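A.B. asks: Protein chains in written order, with full-length UniProt numbering: chain A, 1 to 254; chain B, 1 to 254; chain C, 1 to 254; chain D, 1 to 254.
Just so you know, these hints were derived from the structure itself, not from any lab.
Predicted model, so just to flag it, every value in this text is computed and none were measured.
Honestly, I wouldn't trust all of these hints.
[As the list claims (entries may be wrong)] Residues from chain B that keep clear of chain A, each with C-beta distances beyond 12 Å, as calculated:
(1) T50
(2) W98
(3) L207
(4) P242
[Claimed, not checked] According to the in silico footprint, chain C covers these stretches of chain B (three or more CB under 8 Å from chain C):
(5) 123-129
(6) 222-234
Note that beta-carbon positions come from the ideal geometry of N, C-alpha and C, so glycine has one too.
4 protein chains.
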Amino acid sequence: MTRGENDPIRVGVLGAHGQMGTQVVKAVTAAPDLTVAAAIDSDGALSELTDAGAEVVVDFTRPNVVMDNLRFATEHGIHAVVGTTGFTEERLDTLREWLRPHPELGVLIAPNFALGAVLAMRFAVQAARYYESVEIVELHHNRKADAPSGTAAHTAALIGQARREAGLKPGADATTSELDGARGALVEDVRVHSVRLPGLVAHEEILFGAPGETLTVRHDSLDRVSFMPGVLVGVREVLRRPGLTVGLENVLDL
Amino acid sequence: MTRGENDPIRVGVLGAHGQMGTQVVKAVTAAPDLTVAAAIDSDGALSELTDAGAEVVVDFTRPNVVMDNLRFATEHGIHAVVGTTGFTEERLDTLREWLRPHPELGVLIAPNFALGAVLAMRFAVQAARYYESVEIVELHHNRKADAPSGTAAHTAALIGQARREAGLKPGADATTSELDGARGALVEDVRVHSVRLPGLVAHEEILFGAPGETLTVRHDSLDRVSFMPGVLVGVREVLRRPGLTVGLENVLDL
Amino acid sequence: MTRGENDPIRVGVLGAHGQMGTQVVKAVTAAPDLTVAAAIDSDGALSELTDAGAEVVVDFTRPNVVMDNLRFATEHGIHAVVGTTGFTEERLDTLREWLRPHPELGVLIAPNFALGAVLAMRFAVQAARYYESVEIVELHHNRKADAPSGTAAHTAALIGQARREAGLKPGADATTSELDGARGALVEDVRVHSVRLPGLVAHEEILFGAPGETLTVRHDSLDRVSFMPGVLVGVREVLRRPGLTVGLENVLDL
Amino acid sequence: MTRGENDPIRVGVLGAHGQMGTQVVKAVTAAPDLTVAAAIDSDGALSELTDAGAEVVVDFTRPNVVMDNLRFATEHGIHAVVGTTGFTEERLDTLREWLRPHPELGVLIAPNFALGAVLAMRFAVQAARYYESVEIVELHHNRKADAPSGTAAHTAALIGQARREAGLKPGADATTSELDGARGALVEDVRVHSVRLPGLVAHEEILFGAPGETLTVRHDSLDRVSFMPGVLVGVREVLRRPGLTVGLENVLDL
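Build out the structure end to end from the sequences listed, making use of the hints.
C.D. replies: Here's what the structure looks like:
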């Protein structure tokens, strides 16, 4: 099935009845340049994708089925945008193997589709080399199990790497008397502080400091609907980015 | 020496050449209802206060001389506003003793003259009983030795006391996996996080959370000139508040 | 019907199927010291209140029925907590008239039950007299019709009144070249700025400034569930506050 | 005069006794890879630069002398980093003319040396195309004459341009009832709000919004010492960037 220049991109949605999948169907339906070719949940068959001529599949399913889905997609020449978690290095290698016979095919795997989170991380890395000191404050609802959040820990790790590459030493810190925990957790040489309160949702603040100034990048996430613009960017971009791409930041034009 | 109704209040400044004293002289001079009767530093004599007819003395000196200054003031019927540190319970008892024969005389001792800091603390105590959870983030320049800051620790202690009096239990916290220090230090049942960066000065943020909302009180202090309005309020109020008062919050009209 | 000391307060909910009423039923049910005696919607009869022995009625209905509801409640000796809008001075006078023969009865009418919003307003008024300058930034989703928000306009009016009472003149402002609108709207002598963005919900920030320091009070409201603690405080307090009270702030212990 | 690989770069400072020049001398002195070869003020002679073998000159002087300084520098093969204001297109053309016979020589002219301000602007442009709506809140001390600030207006113009290039229409805004000025000033299709308070210094906040999330970039500038890292980056970079460069962002590695 070929598509005319002005025809919408035909999208298949897997996990279509899940919390994310439901949003994806809505968002794709609302986008004038995209159309839902197939919306399939756990009781549906992957063959609906080929029957419907899907060009791209969006997968928000589960770690135990996502590899089967991706094998089907690559074998049938369907690009894929994946938000399902659980991708190990081994799984990524398998995927690369599957993609080898299909050099025109693209697969995008992203742990985070929130454009704001991805941009915040990107800006943090860009700023890192220009500031002697940096700390992160992340704030979440009080039902969260891990502290710091995965996003904050990942951001800190990326900043730490950028600092190392720029030859920066840990920022000066004159603390000699500390009540246990006051100065936060250390990820690389970046202090991370985790606030937990009812009434909060998901917020991250990266603070850079130099004599006489501070630079702050903050992301506030209130609703998973915020992932949709990132998913749509992914769908559009994966068509022209053959091979395996990990991380939404790598298909953004920054 | 008696003062007419429209005459300015006659103020003596001790430690007049110090960092704070210099500002006090400037601020008193600029206030239309006050006048500098005497500006005395360590090489001056306390008798200048009586010679000049000072009604109130402002003392930003040192712990080793402040008690001598206050004995002189109380003996000579001069009210006092004191920002010098080092007041133990014992010293406060001595002061009360000295004030007993002078029931009309007032002494105000304040660890913090920043109106904003005092108001922030006061608001925090007022809000405490209405929120199931609260945390403090304080941010200072990276030359600071203690974490958390004295102000933040004091605020947390006051909030903790208000929570206890209201019968509140520690706010729910689902953290099961914590990187050491991420969740801050505990003062009473209040988490306190200390950020240290060049480019910061002195900032405190108190965050209250309940389902669906948060309330934040933030104080940013950039310059010790910010203590002056509090000192001037103290000078005006001490005249009509006999006895010993500790804490600027107790002379504010809140 | 009399209530034992440890019996829960019997609450009737009017408008029980509406967005607010549904939440009220849930919140009253969850509170150990309260119980839902009757949950009545537009198709129910007010007599259910008396049949069920309701001591307090919570009314989130409509301007066209609320006065009938309140006449019934006062005539039958039931206290009332009212979140319905549309109370004119005339209506309040009528209510006072109805309450006269029942000196033990309390009615609380509140335009805003968000504790955080009420506290923020209260703190703003308390701080107003100590700062030469103040501005408000309120931030809301971009589907809002009015700018500034009612809450921000009301806060500004209260601050303006407190400033007038303290004899404060408008804060200094050196602006000589302004792009139309940059300095916001004037409510009394308080500048108010309205930000409208998708991704925001309802946020208000009151900024006080004096040389060397700023004090900020911020309220973030994400969900109407945040009104429930205020409703419950109202239910408990109205029982011991005879007469008409307007504004939740007047039953808080501040 | 040639420089060994490990020899510090020889820097001449013009306007060395001015507010900025004094800081530049201090900052260059403190940098291990740079040295002050000559510190010249209005009573000094430009020939001191050549006598001292300056490789780069830093010019924080005045519009009426800066062109003479730059003619001297280019004629004598000295690179230049310029913070002096008043550069018209005509002046830039003259400079390009002067540089033509010296293809190895670099001149960097920057209206703003604050790394944080430059980074904030850069991030704003990068994020602009991914968000349907954006507004700017800038906050300054109340002695400022213009609203909005030059930096905020410039940021808004750059964002507006990026939005136009991405084909974005003005963000949705449902405001139908506005108190004059509440929604701020319009620069391109970007709303800009200017807060003026004593106690503030110079702060800029760029808020991007999309359904379910916001992204904020904030720069706080407290002291002109914050310009020094940008000046030092300029000195190091101008040596390897022949020709005329306008704007610090163009020598940063972003």
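A.B. asks: Determine for every hint whether it applies to the structure shown.
C.D. replies: Results of checking the hints against the structure:
1. The Cβ of T50/B lies farther than 12 Å from every Cβ of chain A, with a closest approach of about 42 Å, so its non-interface assignment holds.
2. Distance check on W98/B: its Cβ is at least 34 Å (rounded) from any Cβ of chain A, clearing the 12 Å threshold; non-interface status holds.
3. Listed as outside the interface, L207/B is inconsistent with that label: its C-beta sits roughly 6 Å from the nearest C-beta of chain A, within the 12 Å cut-off.
4. Consistency note on P242/B: stated as away from chain A, and its beta-carbon is indeed over 12 Å from all of that chain's, at 38 Å minimum.
5. Requiring three or more residues with a Cβ within less than 8 Å of a Cβ of chain C, the coverage given for the stretch 123-129 of chain B holds, as 4 such residues are present.
6. Under the rule that three or more residues need a Cβ within less than 8 Å of chain C, the assignment of the stretch 222-234 of chain B holds, with 9 such residues.
Comparing the model with each earlier hint shows a violation of hint 3 alone; every other hint is respected.
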